[in-house]
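Residues per chain are reported as follows:
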Amino acid sequence: MPDAPETALIAAPACRVGDSADSRVEANPSARTPTFRQSRAHRLMDRWANLAFLACSLLVVGLIGGILFFLASRGLAAFLPMAGNTGRTLAFSEVFLSADWAPSSDRFGILPFIAGSLGVTGLALLIAAPTGTLTGVFIAKLAPAWMRDLMRQVMDLLVGIPSVVYGIFGLTVVLPLVSRTWLGEAPASGFAVSAVILAVMIVPTIVSLSTDAFESLPSSLDEGAQALGSSRWQAIWHVLIPAARPRLITAAVLGLGRAIGEAMAVQMVIGNNPQWIALMRESTDRAPFLRALFTPAATLTTELVQELPNTPAGSPWNNVLFAMGLLLYLMTMVLILATRRLGHRKEA
Amino acid sequence: MRVALRPSPTAKIVDRVMRVVLWAIALMFVVVLVLFVGAILKQGWPVLNLGFLTKMPETLDAGGGIKPQIFNSLYLVALSLALSLPVGLGAGVYMAEYAGKGRALNFLRLCIETLAATPSIVLALFGMIVFVQTLGWSFSIRSGALTLALLNIPVITRVTELSLLAVPRELKEASYGLGATKLQTILKVALPYAATGILTGLVLTAGRAFGESAILVFTAGTNASAQFPDFRLTVPGETLSVHLWYVTSDGTLPDAREIAAGTAAVMILVLLSLNMLVRLVDRTIRRRTR
Amino acid sequence: MQIRFLAQTILAGLLLATAAQAQTVTVMGSTALGPIVKKAAEDFMKSHPGVQIAVSGGGSMTGLNQVTSGGCHIGISDVFATPEQDKAGVKNHNIVVQPFTLIAHPGVGVKTLSAQQAEQVFTGKISNWKEVGGRDQKIVRVIRPESSGTRAVQKKAILHDHDFSKDVLIQDSTGAVVTAVATTPGAISFVELEHLEKNKTRIAAVAYNGVACSNEAVKAGKYPVFSFGHAYTNPAKLADPKVKQAVDGFLAFILGAEFQQNVLKAGYLPVDYVKSLKTQL
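Chains A, B and C are the protein sequences, given in the same order.
Here my numbering is used: the first residue of the first sequence is 1, the next is one more, and so on.
Here my numbering is used: the first residue of the second sequence is 1001, the next is one more, and so on.
Here my numbering is used: the first residue of the third sequence is 2001, the next is one more, and so on.
Take these hints with a grain of salt, some might be off.
What the hints assert, rightly or not - Pairs of lysine-lysine, DSSO-like flavour, derived with a Cα cap of 27 Å:
#: 1; chain 1: C; residue 1: Lys2265; chain 2: B; residue 2: Lys1067
#: 2; chain 1: B; residue 1: Lys1188; chain 2: A; residue 2: Lys141
#: 3; chain 1: B; residue 1: Lys1067; chain 2: C; residue 2: Lys2046
#: 4; chain 1: B; residue 1: Lys1055; chain 2: C; residue 2: Lys2265
To be verified - Here are some, though not all, of the chain B residues that point toward chain C, as calculated from beta-carbon distances under 7 Å:
#: 5; residue: Leu1060
#: 6; residue: Gly1136
#: 7; residue: Gly1221
#: 8; residue: Asn1223
#: 9; residue: Val1235
#: 10; residue: Pro1236
#: 11; residue: Thr1248
#: 12; residue: Asp1250
Derived by calculation from the structure, the hints in this document are not laboratory data.
C-beta: ideal position from N, C-alpha, C; glycine also.
Sequences are here, hints too, so could you generate the full structure?
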């Protein structure tokens, strides 16, 4: 926090901030300078500006509510006989508790997409969280200055590369390569490749937040541990990482949030098969987990990108897609609230 | 604390090994980036020439360019920044200077964080319902710019707030001491001081908006106007990133792969130069403050 | 200073927004039909300088939804309107004929499939190329998403309304399908004929019942797998007579003899070619 040290300036009573300003000016007119004339007009402007800034903030609050309202107005139409529902009214259970997605045959189970989203983001986090945290500690505590600078640029670039470019790279380079090298030319679309690409996309978020976390630790912690005779790595492992844990978890949660909402890149490489759960169930494969990694699957975002433009407005199909969007939004809110809780625990 | 007084031989070995591992992980990301950027530029390089950048796209034949997409990208980014900058600045100023430290600030920050974390596909749905359908604006520059602004607002707010909080308190106190109002202090002392930080944030925001595709597919459409330059806000405005997605996925053009490779290379080059710009700004600040 | 600059930028934007606009016809919908309609729009605007035609994509159903609600003037689609939309009064115009063909990865070693084999390949009864006379290789079925018009045609014409196998790879669009087939050994898919012609070096054609898909085969009635490209209008929402005139003129232009010859270049067939045939999808 940029709390400035107490200085002589602050100590001077004439320099108090806030509503005492008016009286101060009257009491000390010599403080006026050509640049800062405080007339009535200026005070009025001051008040209006206050309102304008407040309005901007309220707009942001309004946006959060607005998004919720409009998504709900379409998403809930799937379950309620309200305006915007021109078809059958669905039950919650047949949407959220069913893995059978065949909308043109009137079956709307979205479990495959929920499971797909969780699966691919979970995998991505499994790769990105450890490597990202370790890179963070490396940048903050071990790397020489030039390497620190280089890593910062690398992360800036990785986060800036558009997701379509990641997707195209995955589709035209990574998928054929993986298929040729490890799978005996079987298709490589699925969780594995998507998760790796997602991991690269979210690593910068985790790296930059965890670097901050390690840099903000008091250096006495590190020095203390080393003075007690522990090696550098022991200090990192036994002292620094536990001390930074709440912020490291926050970093991972924010990375998760970024991953779960990613659409274009994943859509190009995951294979988009909504029947993947049924397919896995029927499979007699001896290594089901390995097989699942390379089974075309689908997520909430990929299904939205693919189907939304081609479904009739007001149909249960279209409304369920909006409900999936609403679900994504609620998930984001839960994740943000979770980071909040973590933050509070840290302070406690 | 379970820490030995002197590192045991095993601890020393572990320390050595882990140092190597950390270096390896960090270098792996460098290699991933170099391979990635290298592959994209290598594929795109043969396509990149003045004709490609300055020709209109073809609908059915080979040999089209990406001129209107470049224009639309810049136009949409500029419009969305113009729309989001006042709101973002305003909200950032409010949070840093007015909100105090109570519940209100906490709640505001929660909202900003939520908006920042909202997936772009969700913003796309919102833009589609409100601008494209309810207001009947169809796929157009204005639908796209407004929805894209939603993506920028939280970033600009955050950057403004942080930059303002970094302004030394002495400066503000001095301004008040000279009899300035709060607004005068903010406009003439705090914001100019924070300007470079905000500017850096703006460049990064521009880069993010430049690469965004999910939002624009659903709000600005996948077609560019046949006129050039077309400043109208009511026409569809396909940007470079949407073009890249559309060309690869649609594939009606015989040279779709070349055009995709060229477009991707252009986007990477723009991104690289934006990053250079940020570093340049950063360096000048440091030199100035020193 | 920054704020002043900002204000100027916004003002300039608003001024541009209110600038006068020409008579504009908006067309929305199918990304597959987009290019040919765009070409028609370019030609039409050359001969009718007062009219602007803006073609945008979004998907077949987006086009139909928008034309039903009055959000655009013409909705282009490769599927028929839903019963609700028909009830709302939308009017269909068949503008082109779209032939479809089976394609496969060049290495599968199969040049033709019988109707029954093709059905069983996609329903999952046949899952190795050697069962249909090819290499010993697993069949990878690449198909389009459930909402796609192509998939609807495929389900009706090739699968005879049976369900697709669950073991499929789904790609969002024809371009992505072609890329997937070209890069995945053992892959088979179903695309518009034009995409085969444009990617002959990367993918192989598979004949259907011994007949290779071609314009001539469709015209002669030997090749039954094709569909229509539709343009929908909503007469109830075309209140402005000037717009109505432009819309009617544009549709007449597309269906005119001159442009119908042009569609051949783009891989479609003139509607006349199949007028006498009974097969309708």
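Quick rundown of the hints versus the structure:
no.	hint	verdict
1	Lys2265/C / Lys1067/B	25 Å, holds
2	Lys1188/B / Lys141/A	39 Å, violated
3	Lys1067/B / Lys2046/C	21 Å, holds
4	Lys1055/B / Lys2265/C	22 Å, holds
5	Leu1060	5 Å, holds
6	Gly1136	6 Å, holds
7	Gly1221	4 Å, holds
8	Asn1223	5 Å, holds
9	Val1235	6 Å, holds
10	Pro1236	4 Å, holds
11	Thr1248	6 Å, holds
12	Asp1250	5 Å, holds
Of the numbered hints stated above, the single one contradicted by the structure is hint 2.
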